[in-house]
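*Asks:* Residue numbers (the numbering used here), protein chains in the order written: chain C, 2 to 175; chain U, 2 to 175; chain L, 2 to 175.
Bear in mind the hints are in silico, worked out from the structure with no lab data behind them.
Please note that the accuracy of each hint is not assured.
[Said to hold, decoys possible] Stretch-level coverage of chain U by chain L, calculated; a stretch enters the list once three of its residues show a Cβ under 8 Å from a Cβ in chain L: (1) 27-40; (2) 100-112; (3) 119-132.
[Said to hold, decoys possible] Dumping the calculated SDA-like pairs for lysine to any residue here, alpha-carbon to alpha-carbon at most 25 Å: (4) U:Lys78 - U:Val43; (5) C:Lys156 - U:Pro13; (6) U:Lys78 - L:Arg11; (7) U:Lys156 - L:Arg21; (8) U:Lys78 - L:Pro12; (9) L:Lys156 - U:Glu29; (10) L:Lys156 - C:Tyr74; (11) L:Lys78 - C:Pro13; (12) U:Lys156 - U:Ala133; (13) C:Lys156 - C:Tyr74; (14) U:Lys156 - U:Asn41; (15) U:Lys156 - L:Pro12; (16) C:Lys78 - C:Val43; (17) L:Lys78 - C:Val86; (18) L:Lys78 - L:Tyr10; (19) L:Lys156 - L:Ser4; (20) U:Lys156 - L:Ser18; (21) C:Lys156 - C:Glu44; (22) C:Lys78 - U:Pro12; (23) U:Lys78 - L:Pro13; (24) L:Lys78 - C:Tyr10; (25) U:Lys156 - L:Lys78; (26) C:Lys156 - U:Arg21; (27) C:Lys156 - U:Tyr10; (28) C:Lys156 - U:Ser17; (29) U:Lys156 - L:Pro13; (30) C:Lys156 - U:Pro12; (31) L:Lys156 - C:Ser17; (32) L:Lys156 - C:Pro13; (33) C:Lys78 - U:Tyr10; (34) L:Lys156 - C:Lys156; (35) C:Lys156 - C:Thr14; (36) C:Lys78 - U:Pro13; (37) U:Lys156 - C:Glu29; (38) U:Lys156 - U:Glu26; (39) U:Lys156 - L:Tyr10.
These numbers come from a predicted model, not from an experiment.
Glycine residues also receive a C-beta, built at the ideal position from the N, C-alpha and C atoms.
Here's the letter readout for the chains.
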Amino acid sequence: MTSGLIFTYRPPTLLSSRARELRLEIEEFNSEYCAVLDANRVEDWPRFFTLDCLYRITSRENAELLLPVGLVYAEGKAMLVDRAVAIARTQMFAPRYMLHLVSNTRVLEESAEGEITAEANFLLLQTLVEGATSLHMAGKFYDRFVREHDQLFLKERQVVYDTTLIANDLVYPV
Amino acid sequence: MTSGLIFTYRPPTLLSSRARELRLEIEEFNSEYCAVLDANRVEDWPRFFTLDCLYRITSRENAELLLPVGLVYAEGKAMLVDRAVAIARTQMFAPRYMLHLVSNTRVLEESAEGEITAEANFLLLQTLVEGATSLHMAGKFYDRFVREHDQLFLKERQVVYDTTLIANDLVYPV
Amino acid sequence: MTSGLIFTYRPPTLLSSRARELRLEIEEFNSEYCAVLDANRVEDWPRFFTLDCLYRITSRENAELLLPVGLVYAEGKAMLVDRAVAIARTQMFAPRYMLHLVSNTRVLEESAEGEITAEANFLLLQTLVEGATSLHMAGKFYDRFVREHDQLFLKERQVVYDTTLIANDLVYPV
Numbered sequence: 002m003t004s005g006l007i008f009t010y011r012p013p014t015l016l017s018s019r020a021r022e023l024r025l026e027i028e029e030f031n032s033e034y035c036a037v038l039d040a041n042r043v044e045d046w047p048r049f050f051t052l053d054c055l056y057r058i059t060s061r062e063n064a065e066l067l068l069p070v071g072l073v074y075a076e077g078k079a080m081l082v083d084r085a086v087a088i089a090r091t092q093m094f095a096p097r098y099m100l101h102l103v104s105n106t107r108v109l110e111e112s113a114e115g116e117i118t119a120e121a122n123f124l125l126l127q128t129l130v131e132g133a134t135s136l137h138m139a140g141k142f143y144d145r146f147v148r149e150h151d152q153l154f155l156k157e158r159q160v161v162y163d164t165t166l167i168a169n170d171l172v173y174p175v
Numbered sequence: 002m003t004s005g006l007i008f009t010y011r012p013p014t015l016l017s018s019r020a021r022e023l024r025l026e027i028e029e030f031n032s033e034y035c036a037v038l039d040a041n042r043v044e045d046w047p048r049f050f051t052l053d054c055l056y057r058i059t060s061r062e063n064a065e066l067l068l069p070v071g072l073v074y075a076e077g078k079a080m081l082v083d084r085a086v087a088i089a090r091t092q093m094f095a096p097r098y099m100l101h102l103v104s105n106t107r108v109l110e111e112s113a114e115g116e117i118t119a120e121a122n123f124l125l126l127q128t129l130v131e132g133a134t135s136l137h138m139a140g141k142f143y144d145r146f147v148r149e150h151d152q153l154f155l156k157e158r159q160v161v162y163d164t165t166l167i168a169n170d171l172v173y174p175v
Numbered sequence: 002m003t004s005g006l007i008f009t010y011r012p013p014t015l016l017s018s019r020a021r022e023l024r025l026e027i028e029e030f031n032s033e034y035c036a037v038l039d040a041n042r043v044e045d046w047p048r049f050f051t052l053d054c055l056y057r058i059t060s061r062e063n064a065e066l067l068l069p070v071g072l073v074y075a076e077g078k079a080m081l082v083d084r085a086v087a088i089a090r091t092q093m094f095a096p097r098y099m100l101h102l103v104s105n106t107r108v109l110e111e112s113a114e115g116e117i118t119a120e121a122n123f124l125l126l127q128t129l130v131e132g133a134t135s136l137h138m139a140g141k142f143y144d145r146f147v148r149e150h151d152q153l154f155l156k157e158r159q160v161v162y163d164t165t166l167i168a169n170d171l172v173y174p175v
């Protein structure tokens, strides 16, 4: 699957009033998305995606070099479901808490078909039980949204992290 | 006092247009609330609460087990005022700076009586004078707001932190 | 140049509906501003300022004591351009990634001439290549905006940081 996303700066191309409306909607989408993950309800996570979605977690270096590799790479909702089930079963994530902070949401484009290109910055904090809170991952969401039944769904989410030290073998979604 | 709050994920139950309106209002409330605390004006802090308020700071583990304990527990505005005066007098907080970042605000419910249930994620940074900035506390606000004279007030704020290492004996409000 | 900014808490003085409108606009401004910096496009950074702008990065201690000193001090857009060119040429910043998170935006005043006074909290993360992500700087933007051709521009940005340990000699803009 080819991604239409660009991992460098580009200015918005839509009217600012429309960008405002979509920005607020996407903020609400991301708050809901993160609340599900932070509550450790990983099996509920695939519902935010379209059937033919693309989901990847990769480093900024890889993204900028347009390398297709990633820490996580999933094509299609079925792969997200498999992944979610695997994580929920192994429960390796029970003894830690996750907390997302999302900000700087930018809407860049809206196509004639209603596909929306957007970005946001995130900070993911991890707290080990009986331990301290650390910066687990920080980076940007590069997203393409589509609307179905008046709700937004992710057709593509590329989680591009600045942080280069990731400890987990089986990575929890971001 | 019994709290009606639930410390696990639940989806919003109100119309998204109404949730939007309230979300923006609560963001502005929290920005004001945090600006007061970050400016070290702790004696001004109780004004954000109702007379019969409940305020608690507790760990995520305690909250999820529904344990009533907490690092800080205050029932009624008078207790907040006492606490604020005590902190202001001891001035143990003068040699440090606090900075709140609040994001991911979600509005979950609005009752027929106008009581609003909402959540937000926060990051509290602390900088010791001549020292480095550290992640002091990260977690969620679980809130119930009521409206009086067209302004929001906190009837309940449960500050539930992921971070488990808290150094201070006399805890500054969050 | 004298700055009309005050580095302590003060409540907003404008109507909340107008503050809302301006807050959303300033959030969008800051997201764009940060996206440019985080993409390492420092030469594009001066375009956010007016010709007669004031830009300073200083510590909270200096700001509160009203000391005019700063880590960075620039009067007029020409000085920002010089600075941007110098940074771009030395390219000392290539081997690190920056990521801004901005939140808690507050609009305090709007003058009869349309000058807007506002604040926001920021967190600036730095990731060294092959290294970990660290809290590089955390603090507040104290801003004055003016509108030209229906767009906002910074007449003044005072970046006031809580963090007191800054390693760089030639400081990248914040």
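*Asks:* Which of the stated hints cannot be reconciled with the structure, identified by number in ascending sequence?
*Replies:* 10, 12, 17, 18, 25 and 34
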